[in-house]
Structure formats: structure tokens, C-alpha cells
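Trainee: For reference, the chains in residue letters:
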Amino acid sequence: MTRSIASIRLLTLRRCIGLLSCCVGSIAVAEEAVNFNRDIRPLLSDRCFFCHGPDPGHRQGDLRLDVEQAAHARAIVAGDARESPLIERITSADPDRRMPPPESGKSLSDDEIALLKQWIADGGRYESHWSFTSPARPDVPRFTNADDADWVNNPIDAFILARLKSLGMTPSPAADRATLLRRVTLDLTGLPPTPVEVEAFLADESPDAYERVVDRLLASPRYGERMAQVWLDAARYADTMGYQADWERYQWRWRTWVIDAYNNNLPFDQFTIDQLAGDLLPNVTIEQIIATGFNRNHRINDEGGIIPEEYLVEYIVDRVDTTSATWMGLTMGCARCHDHKFDPISQADFYRMYAFFNAVPEKGKEGRLGFADPYKRVTVRGKHDEYLAVQQKVAEATATLAQASQNLGDEQLVWEQQELERIASIESTSQVVAAEKAKTEWQQILQLPPDKRSAKQRKQLAEHFATLAPSTAEERKSLADAREALADFEKEFTTYVMVMSDMAKPRPTYVLERGAYNKPGQQVEAAVPSEILGPLPDGAPANRLGLARWLVSGDHPLTSRVAVNRHWNMLFGRGLVETIEDFGLQGSYPSHPELLDWLATEYPRVGWDTKALLKLIVTSNTYGRSSVVSPDAREVDPHNVWLARMSRVRLPAEMIRDQALFASGLLVERIGGPSVKPYQPAGLWEELSFQDKRRSTDFYVQGTGDDLYRRGIYTFWKRSVPPPTMETFDAPTRDACTLNRSRTNTPLQALALMNDVTFVEASRKLAERALATGGNVRGQLDFVYRSLLARSPNERELQLLTGGYEKRLAFYVDHPDDAERLIAAGESPVADSVESAQLAALTTCVMNIMNLDETITRE
Amino acid sequence: MNPLEEQLLMETRRHFFSRTARGIGAAALGSLVASTSSARAQANSGVTGLAGLPHFAPKAKRVIYLFQSGGPSQMDLFDPKPAMDKMRGVDLPESVRMGQRLTGMTSGQAKFPIANSIFKFGRHGESGATVSELMPHVARIADKLCFVKSMQTEQINHDPAITFFQTGFQLAGRPSIGAWMSYGLGSENRDLPAFIAFASRGTGRPSCQPLYNRLWGSGFMPTTHAGVKLRAAASPVLYLNDPDGLSRKMRREMLDELAALNEQSFQQKGDEEIQSRIAQYEMAFRMGSSVPDLTDISDEPDHILDMYGPEVRKPGTFASNALLARRLAERDVRFIQLFHMGWDQHERLPKELPGQCYDTDQASAALVVDLEQRGLLKDTLVVWGGEFGRTIYSQGALTATNYGRDHHPRCFTIWMAGGGIKPGVSYGETDDFSYNVVANPVSVHDLHATILHLMGINHERLTYRFQGRDYRLTDVHGKLLEPLLA
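Note that the protein sequences, when read in sequence, are chains F and C.
Note that the working numbering gives residue 358 to position 358 of the first sequence, counting from 1, and the numbers run on in steps of one.
Note that the working numbering gives residue 213 to position 213 of the second sequence, counting from 1, and the numbers run on in steps of one.
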């Protein structure tokens with residue numbers, strides 16, 4: 001049965017193979033009516049709009065195909081493909097007439113031409129771009145068949161199952177429970193379950209066992225760290241400035257804010273408003289100001305010869321790019337130099353968005369101090385009130401002193417007399433000229449007769465006396481103490497963070513010709529692209545706060561879709577819209593448009609509750625499918641678009657590290673704080689830097705103790721030389737906003753996992769833990785498997801591993817020095833009372849288990 | 001071939017393009033298509049290029065790009081301006097500068113005194129190429145070289161200028177030229193990466209200028225295509241060496257166990273990424289021999305080492321890297337790039353420039369000759385040059401013995417050799433001040449288009465889709481430099 005479905009599907013696949021890269025939804029075209037948004041617009045956009053699209057500056061032959069009326073006037077005869085010039089040109093044998101022209105490097109396949117003909121035959125109607133229309137809440141599919149209805153655990157399953165059934169596919173069986181536990185634990189906390197957690201879950205037969213696990217994971221502070229990892233990529237967070245000398249910056253306090261925000265389940269609308277415009281809120285809190293660091297994470301240039309105005313523009317452009325990609329899935333940056341080639345976004349639209357971010361009191365050339373204007377001195381988390389109290393003490397002591405110093409007139413007269421006498425006695429014993437020179441300002445004033453002193457001089461003298469008046473000594477001491485306490489506090493508990501603020505008078509914004517900083521054109525005011533995405537909400541100001549409110553108004557066509565899609569991508573390894581960074585005309589059409597829209601309406605409906613959204617997804621039956629893929633399934637749906645099964649996804653770089661440290665017991669769990677410098681091969685920074693000892697980023701000074709064992713999101717991120725193992729496992733450079741990491745499979749990854757001391761040491765520590773469980777080698781290996789893979793090894797695996805163990809044990813018994821050298825890897829001490837040869841041999845087995853494909857994969 | 005293998009192969013062929021477009025695991029697939037009979041574990045490991053590439057028969061199979069970071073002074077090295085001797089100290093006429101922008105380092109100078117070069121020039125070879133006394137070895141092989149004296153860039157500061165040269169765009173984020181080669185053409189060596197980079201320090205100005213990993217990075221392409229930096233360290237490739245206390249023999253045994261464990265996992269789960277993973281571990285193991293085999297130069301005879309000069313015996317120097325570049329060329333590595341720092345002579349050019357030339361002159365010339373005598377020059381393109389040139393006017397005071405020069409984007413000189421480039425040619429002309437190009441300007445995009453052309457690639461047709469747009473190394477620019485083709 002399945003096989004025959006497969007062969008039918010195969011025909012469909014072959015027919016549509018040319019469309020796969022641009023439009024996943026087209027897989028289904030053979031069975032369904034032509035759908036403009038899914039089937040036609042991607043073709044027109046990709047092959048035609050570059051020359052016949054929204055950008056008038058580049059339009060050829062005065063023909064545009066992005067607008068129905070214009071297309072029908074010139075190129076399309078509704079209902080008659082044969083008479084349509086469009087079809088004539090795309091099928092012409094004459095290379096001078098053929099479209100797209102050969103030199104464009106674009107072409108249309110026979111299948112694609114057939115689609116266009118069919119569409120025109122059906123009337124050639126246009127529809128507005130799907131993602132620019134607010135999502136309407138679709139009906140959830142219902143099933144009459146009891147088995148189907150039973151299978152549906154929540155509406156997500158209904159949409160997925162309905163699609164599978166329409167394709168003649170059936171869902172894979174459920175994943176076994178241990179696999180599911182490891183999956184959801186990795187997905188929600190970035191760490192694997194412990195053997196104890198696995199055992200407890202397997203033993204728990206209550207119907208809500210899984211749901212309770214999900215609740216436990218979402219309540220774990222590890223959740224915030226896991227979620228922050230994705231957000232830091234979008235926010236292009238790093239610990240250095242990013243250009244040439246690549247100075248250090250202190251921006252980690254913003255990272256802590258992100259982790260806290262996720263852990264506190266800050267609703268996504270507030271999460272958005274705080275980061276984009278927290279500083280503009282009434283009754284703003286310090287946390288909301290810190291949140292605005294989001295749009296200060298861009299690179300900042302200090303290179304000697306730069307022209308500041310040029311880079312000022314780059315920073316603002318970066319904010320527009322990052323904000324529009326992260327919240328709207330729009331590539332607005334494409335409209336910096338000219339109107340967008342594909343999306344209906346004009347160059348003026350771009351600069352109207354730019355104007356929102358063009359009021360920041362910043363300079364173009366900055367970045368040697370660890371921060372740049374505007375910035376704020378803030379405390380580590382939880383210390384802000386104390387900081388205020390310490391500052392208050394200073395203010396109080398200052399006021400008290402001022403009060404006490406108010407009526408010192410009589411005391412001052414006495415003092416003046418004494419001083420005059422003292423000075424006179426000095427002058428009589430030393431050279432007058434020298435003394436004259438040595439006289440301070442106040443002494444000179446003092447020697448003037450009181451009625452010759454100006455008001456300013458009287459004030460100066462009184463102020464001087466106030467610093468030494470015997471009657472206020474106590475108050476002065478109190479103030480000095482309060483100030484010292486403040487200085488101590490600031491040294492211990494505060495840092496700097498770059499934040500957003502707006503100048504009272506914003507810079508004027510101009511459309512920059514060709515995007516060049518020195519070619520201002522027409523002046524524009526801050527505005528959103530309301531023609532395609534709707535206006536600012538009523539009463540919203542035309543500033544960043546208005547922009548943020550617009551994004552999360554609930555009616556915005558893109559924000560919610562983009563957000564739920566990003567979460568979906570995190571959990572399934574692929575978005576419902578595959579191009580999670582591009583919801584424009586060149587982006588892919590959703591595989592499950594109704595499901596996307598249902599989720600996109602559900603998210604605001606539940607108050608933008610991110611934990612609730614994630615819980616909904618991970619408690620779906622869809623999420624719980626096995627990831628085993630049969631040859632048939634691979635044939636039918638190689639990329640798992642239709643989600644009959646779960647996808648196997650290689651772990652992100654940070655998770656690979658964190659898992660190894662966690663399972664070995666090395667992980668130091670502490671939320672937030674400055675970045676740390678774990679193991680890194682010697683010389684990587686210095687061989688490329690200025691080698692200036694005064695710059696903290698020119699030489700890598702490896703951390704010690706706990707700093708070696710923190711989670712990956714805390715690793716110091718030098719943009720010009722990123723942490724090498726992170727880079728090898730596809731972490732982005734953080735030069736710019738990244739929403740979708742690639743997942744490669746390279747020999748350098750193998751080398752890192754085999755030989756980076758991080759993993760060798762973690763293997764040894766996990767071996768020590770296994771040895772401490774007592775028992776024989778098989779039992780120890782079982783412990784290691786359960787620590788990393790949440791399952792026990794099978795007989796074949798045990799045979800392979802114990803075979804290796806015996807061989808290497810024999811070697812290490814004969815070569816104790818080699819055993820000692822292997823287990824010396826890393827700075828953590830070797831456990832006492834462990835036999836070296838045994839530990840070394842077991843370590844080699846754990847190293848292999850750490851290197852298993854399964855270990856670095858979420859199944 | 002067993003049925004599973006066959007299945008895998010079919011799936012691979014069928015989905016090659018869609019996977020490429022997705023950028024996931026794309027690179028891993030091609031060798032399966034290319035060599036169906038090879039053992040499964042060896043398939044998948046190398047980086048394979050795109051179908052349909054090269055677009056036409058290439059002249060060059062590989063590139064060795066000797067990047068001179070900092071901006072070598074063209075009028076002190078290759079572009080003599082004798083007329084300047086009479087104008088020494090004269091303020092640069094505004095008619096020459098024409099209001100072009102200057103860097104923040106000299107834009108505030110009250111005067112722009114012309115600094116003639118203190119170095120002597122001669123005409124060399126039958127071509128009569130002009131080369132300064134600081135480059136005697138390069139002078140001797142002038143007839144093998146093609147000098148482009150009319151290079152231009154749009155950038156006036158190091159970071160954007162070098163980023164522009166490396167990626168075709170001045171801001172970080174796009175793939176480097178070597179990554180484009182890897183993506184388009186793949187690797188011809190199963191045991192080494194397709195793109196290898198080196199960095200060395202200049203003795204002329206040892207502390208300048210910094211470099212960044214992204215210069216050989218893959219930008220928005222998968223990291224598969226990033227250059228692998230080869231270092232003068234105990235472990236030339238990061239994490240290449242097994243941990244202390246673990247022998248190669250043991251590693252081999254461990255890898256066999258690992259492969260068997262992964263193979264079992266594949267049998268159960270059917271995910272082809274597992275097969276690819278096995279292959280990557282095998283390549284990693286092979287690199288354990290191929291890299292030391294590459295970096296161990298004990299088999300090089302003295303007369304070869306002597307050609308490259310005394311510095312060749314010091315690992316990490318430009319000369320040492322140049323020799324390794326030749327060894328990589330022999331191993332068919334696609335794109336080899338050396339970065340030599342220190343060419344940033346703002347203040348003490350007469351003192352610093354000789355050091356930079358000492359570092360690079362002999363070894364660069366030796367590399368060309370060495371490639372030629374092995375028959376490799378004809379299909380190896382060698383490029384020598386920096387990110388911009390330097391100003392004719394002095395930065396800071398002009399004294400009897402000293403001058404400095406600021407960055408200058410309007411004209412500078414690079415040279416190329418081998419791989420389909422016409423030898424014995426000087427192309428392009430600058431004005432008497434070496435300030436503006438007066439004939440045959442060459443843009444960075446033109447250079448890129450030409451390098452790609454020599455490698456058999458039409459620069460307008462090699463694209464990578466990112467965020468809905470088909471990007472090119474040459475953006476929407478670039479024209480082939482036909483007069484330079486052999």
C-alpha cells in the first residue's frame with residue numbers, strides 16, 4: 001500500500017522537480033488547481049520581477065508584471081494563453097525574443113510554462129501576496145473516522161493529519177518515550193535529560209506524565225538560556241565591536257535581560273516593545289532600558305581613517321535590516337539603494353523606516369571604551385534597588401552636609417582671622433615673592449578686604465570653608481563614606497550597556513541616492529510601509545514606540561506569523577515557511593498555510609504567551625512522531641515537508657558543548673554575567689591582531705576554574721575570530737542578524753569533537769562518573785549511554801565498545817604513561833582512587849560515544 | 001552496490017539541486033554522483049561543485065592569491081613617477097585631487113606635500129617592466145608577470161577595503177572569493193579542504209594591520225565553503241592532533257568502532273546524514289596524514305629552499321607559506337590564499353618598506369619559478385596585491401630622509417602570473433602623480449570577473465540565493481579583462 005503511494009508520489013515529484021528549490025508547496029500541484037500565491041507568484045517574482053517588477057529604475061520595456069492591471073494591459077489575455085504575449089515570449093524559439101533572456105541566467109522549465117499557461121487559461125487572476133494580508137483564523141479540520149479523531153491531540157495535529165491524508169500519507173509511529181524525553185529536553189532547555197529523569201519518566205504511567213515533563217522544562221531556568229541562543233543570533237550579539245581592531249564591548253547585561261525575559265515568560269508583545277522602544281515608555285524601568293540594547297548590538301567602527309558620517313548610516317541601516325528581518329521577515333535592506341526588486345517596498349519606504357532609528361545621539365566613529373553613546377551604567381541582575389539605595393545615601397549625606405553648612409558665617413569669620421594671621425607669619429619668614437606665587441585662589445580672596453570681594457569670590461570662599469569647617473566634620477565624613485560605598489558598589493556590581501535613546505530634535509532623514517551617505521535626496525519623515533502592512537495603531541506616536549506597537553498590534557500581517565514560524569523552525573528543524581528570514585515575494589510559500597495562520601492567530605489570542613505556544617507545539621502528536629525514515633518515506637518526502645515523521649536535526653554548536661559538560665558533571669550553571677573565555681587553541685587571537693597589550697582582545701587570556709565550564713552562550717564572542725568550535729559547528733559570525741543557521745557536516749567538526757580538549761576532558765569526567773557507579777564495564781557504558789542518549793546500549797553496541805575497551809585497557813596497562821597523559825587533559829583534577837589504565841580505556845570509549853552521530857543529533 | 005546504497009544514490013541525484021538551494025548538506029553530496037563505485041565511506045566527504053560548472057574550459061585549475069594586506073605603495077614599488085623628483089615638497093595641486101575624499105587621517109592636513117620615491121627603478125626583461133630596487137627577485141622574472149597598474153577601489157580604509165577585495169562588498173557578511181570557488185567548483189582533493197588560507201606578519205611593520213577570520217569565511221554560504229586556516233603551530237589545522245596518550249593506531253581502531261556504531265544507527269534510522277558523518281570522520285582521519293605530509297618540508301632539496309630565501313626555513317613566514325602554497329598546488333587544492341600583514345606605511349615608509357619587500361620579494365618570485373619548472377604555472381593563477389595603494393603626498397612631515405603615505409584608492413598596482421594570464425605585460429596607466437588612472441581602469445569587480453573566468457566560470461552565472469536574492473561575487477558589476485588573457 002505505502003509503496004504504491006510512493007510510486008504515485010514519485011511521478012509528481014519528478015514532474016515538479018524544477019520547482020522544488022523555490023516553492024515547496026508546488027509538490028502538490030499535480031493534484032490541485034493552480035494557486036496564484038503558491039504556484040505563480042514565485043515564478044513571476046523570481047524570473048520576471050527583476051526587470052518587470054516594482055523598481056521603476058530598472059524596469060525594461062515599460063512592462064510590469066507585479067501588478068495585475070498592468071500585466072493584463074500588456075502581457076496577459078485572460079483565458080487565452082495562446083494569445084498572451086507573455087506566453088509567446090517565454091516559449092519563443094528566437095533567442096532575442098525569449099524570456100527570461102539567456103544572459104539573465106534564469107529560465108523556465110516546461111512544467112513551469114505549463115503552470116503559467118494553465119493559470120492564464122483560468123483567467124490569469126492575481127491575489128495579494130499571502131503574507132501581506134492579516135491571518136484569518138481558519139477552521140480546524142474535523143475527522144469523522146474515529147482513529148483519525150483519536151490521533152489528533154490538538155489543532156496542530158488536525159492540520160497536519162488533514163494534509164497528510166490529502167497526500168495519501170500516514171503519520172509515522174510515535175517516538176519511543178525515551179527518545180521523546182531527550183528530544184523535548186534538548187529542545188526546551190538545551191541539555192539532555194539525566195538518567196534519573198529518564199528512569200522517572202519511563203516509570204510514570206500517568207496520562208499527564210509527558211505534560212508534567214513539559215511544564216517542568218518550561219519552568220527551568222535553563223529554558224531561558226536555550227531560547228536566548230536563538231535570539232542572540234537574530235540580535236547579532238557579540239562581545240566585540242566587529243571592525244578592524246575589534247575592541248571589547250560590555251553588552252552582556254543585555255544578554256542577561258534576554259534570558260530573564262524568557263524565563264519570566266515576558267509576553268512577546270512586551271518583549272518586542274521593551275527591546276525596540278523600552279526607553280520611550282512612561283514609567284520606564286531599568287530593565288526596559290537595558291532591553292533596548294537589542295538595537296545597539298550592531299558592529300561599531302573606530303578605524304583611524306574612517307569618515308564618521310559613513311558609518312553612522314551603516315548603524316542605522318543595520319537596525320532597519322535587523323528589525324525588519326527579525327519581526328517581519330522582510331529584506332528591507334534591498335531597498336536601501338533602489339526600490340525593492342521583488343517586494344512592494346520603495347526606497348522612500350526604506351528611509352521612512354530608517355527615520356525611526358535616526359534620532360539616537362551617537363557618533364559614527366566610536367568604540368574604544370567598551371561602549372559607545374548612548375550608554376548606561378547598570379547593575380547586575382537583582383541589584384538595581386540596592387544601587388538606588390546607595391545612590392540615595394550619597395544624596396542624603398550631601399543634603400545633610402549642605403544643610404549643616406548653611407549657617408557657618410560666624411565660624412568662618414573666626415577661621416578667616418586665623419588664616420590671615422597664619423599666612424602673615426609664613427610671609428614674614430620666607431620670601432614674599434615665592435609665597436605670593438604659592439597662594440591659592442582662596443588665599444588671594446581671603447586677603448582682599450571683605451567689602452572688595454565680589455559675590456562670586458564670597459561664594460568661592462564660603463565653599464572652601466565648608467570643606468573644612470570643624471562643625472560639619474561629621475557630616476563630611478558621612479558623605480565621604482557614602483561616596484566610598486557607592487564607588488565600591490559600582491566596582492563590584494555595575495557594568496555598562498549600550499542602549500537606545502532619542503534626541504529631542506532628531507536628525508533629518510533623507511533618501512540616500514544609491515544608498516550613499518553623502519548623497520542625500522528627498523527628505524522623509526518616520527513612517528511604516530502602511531500601504532502593504534497597514535497604518536500605525538490609532539494614537540501611536542510616529543517614533544520607535546509607535547513602530548513597536550504597530551508590530552504587535554495583533555493585526556500586523558507578518559509579526560505573529562514570523563514569530564510562530566521561528567519557533568516552529570527551532571523545534572522541527574524547518575519552518576512552515578522554509579525561508580524563515582524572508583516572507584516577501586521571493587520567500588517560500590508555507591507548507592501548511594492554514595496551520596501557520598491558525599498558530600499566528602493563536603499566539604496573540606493567548607496573550608503572546610511564548611511558553612504556552614511552545615507547550616502547544618511540543619504536546620502535539622505531530623511533534624511526538626518517530627524520526628526513523630524508511631526508504632519509501634525518504635522517497636516521498638525527503639525533506640520532511642509534510643511532517644509524517646519528526647526530522648533528525650544536528651544540535652546547534654552551543655548545545656553540543658553544553659551537553660558534553662552537563663553529562664560529565666563539569667557544567668557550571670549560573671545565569672547571566674560577563675562572558676567567559678574557555679579553552680581555545682593558543683595563538684588564535686594574537687596571530688591576527690595588532691598585538692597591542694593594552695587591548696583586551698589582542699591576546700586571548702584563557703579563563704580558569706568555573707569560567708571554563710559555563711554554557712556556550714556565555715563564551716566570549718570576538719567577532720573577527722569567533723570561538724573556533726562554535727564557528728566549526730555553524731554558529732554565525734554575529735556580524736549581522738542571522739535567523740537561520742546552516743547545518744553542515746564537515747571533517748573539521750569531526751576533528752573538533754575528537755580532539756578539542758573540551759570534549760576529551762568531558763569524556764574523562766563522564767568516565768569517572770561511570771566508574772563511580774561501580775559495576776562492570778557493561779554497566780559503566782550503560783550509564784554513559786543513558787547520560788548522553790537517554791537510552792541503554794544494545795548488545796551489538798556493547799560488544800563493539802567493550803571490544804575496544806579491552807584492547808585499549810591492555811595497552812594502557814602496559815603503557816601507564818600514556819594513560820596518565822590521556823587523562824590529564826583539561827584542568828579539572830582526576831578523581832582520587834581511580835586506576836589510570838582503566839580510566840583511560842573507558843575515556844576512549846566515552847570519547848567515541850561523544851562522537852556518535854546520535855549524540856550530536858536531536859532525534 | 002547494495003539496494004540501500006542505490007537508494008541513497010538515487011535520492012542524492014534527484015534532490016541535489018533542491019538541497020543545494022537549501023544550503024544544508026549540499027556540499028556533501030556530489031562525490032556520490034561522481035564516483036558511484038567508490039566505497040560508501042569515502043563518498044560524501046569532499047566538497048563538490050555545482051552541476052554545469054565550469055561553464056567553459058578553464059585556463060586555471062587553481063589560484064594562489066598572495067594578498068599584501070595594508071596597501072603596498074605603488075609609486076615606491078612598480079609605478080615610478082620621475083616627474084615627482086622635481087616637484088618634491090610641492091603641495092599637491094587641487095586639479096589632481098579633484099575633491100576626492102581622503103581618510104580621516106590626512107583630511108585635516110593643511111598641506112599635501114608631494115613625496116617623490118627615494119627608491120631607484122629599473123626596466124626589466126624584454127617587456128621592460130618597471131620594478132623598484134626593493135624587489136630585485138620579482139624584477140628578474142618580470143617577463144613572466146602581468147602588471148596591472150590601474151587597479152581602483154571604492155574604499156579608503158582597511159576593513160572595508162580588504163573586505164571588498166575578498167567578498168565583492170565592503171561590509172561583512174558575504175562569502176569570500178575562495179568560498180565562491182569552493183561552492184562553484186568544489187575540491188579536487190579528497191584529503192584536504194578546497195580553500196586554505198595563511199597569515200604572516202611583516203617585518204616592516206610587525207604590529208599592523210589585524211586580519212579577521214571572515215576574510216576567508218563563507219559569509220551567508222554554509223561554513224563548508226569557508227577557508228581553513230593553516231597555522232605554523234603544532235596542530236596546523238585546528239584540533240588535527242590526537243590527544244596526548246592516544247596513538248594513531250588507537251585512533252584508527254576507535255574510528256572503526258565509531259563507524260560501525262554509526263553504521264548501525266543508519267541501518268535503524270535511515271538518515272543519510274549519518275552516512276555523510278561517517279565519511280567526514282574518514283576525511284578527518286586522512287587529514288591526520290595529508291596535512292603533516294603537506295607541512296613536512298624535509299623532502300625539499302636545499303636548492304629549492306634556497307630559491308625561496310632564508311626565511312623559508314622559519315615556519316609561519318611568508319616564504320614558508322609560499323612554499324606550502326606550491327605544495328598545496330601540487331595537491332590540487334583549489335584556492336590558496338596567503339595574507340601578509342604590515343604594508344601600511346603611514347609614517348616611516350623608507351624604513352618600513354624594505355622589510356616588507358624582504359619578506360615577500362624573493363619568495364613570491366621563487367613561487368612563480370618553482371610552479372613553472374614543475375609545469376604547474378600554466379594552470380595555476382598567481383595574484384599579488386593589496387587592498388589599495390598609497391598617496392603621492394606625504395602623510396605628516398616630509399623630511400630629507402622620511403615620509404609616509406596615506407591610503408589611496410584611486411590607483412595602485414597588482415601583478416598576476418600563470419593560469420591563462422598574458423605574461424610580460426603592463427596594463428593601465430596612471431597620471432604623473434600616480435593619483436588618477438588615465439588609461440584602462442580596472443575595478444575590483446573586473447579583477448574578480450577575470451579570476452573567475454580563468455577558472456572557467458562566467459561571473460554573471462555563478463549565483464547563490466540568500467534572502468530571496470541571487471547574489472554574485474561581482475554583484476551587478478564586473479567586466480572581463482580580455483587584454484590580459486593569454
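Hints in this document: simulated from the structure, not taken from any laboratory.
Predicted, not measured: the structure shown is a model, and the values here were computed from it.
All C-beta atoms, glycine included, are put in the ideal place defined by N, C-alpha and C.
There may be inaccurate statements among the hints.
[To be verified] A few chain C residues that face chain F, going by a derived Cβ cut-off under 7 Å, partial list only:
1. G89
2. L92
3. S95
4. G104
5. T130
6. Q155
7. Q170
8. M254
9. Q280
[Said to hold, decoys possible] Simulated pairs of lysine-lysine, DSS-like, Cα-Cα distance not exceeding 25 Å:
10. C/K61 - C/K422
11. F/K491 - F/K393
12. F/K376 - F/K393
13. F/K807 - C/K314
14. F/K165 - C/K269
15. C/K61 - F/K693
16. F/K505 - F/K491
17. F/K365 - F/K693
18. F/K365 - F/K383
19. C/K269 - F/K106
20. C/K422 - C/K479
21. F/K491 - F/K376
Trainee: Let me make sure I understand: some of the numbered hints might not hold for this structure. Which ones are they, in numerical order?
Mentor: 1, 2, 3, 5, 6, 7, 13, 15, 16, 18, 19
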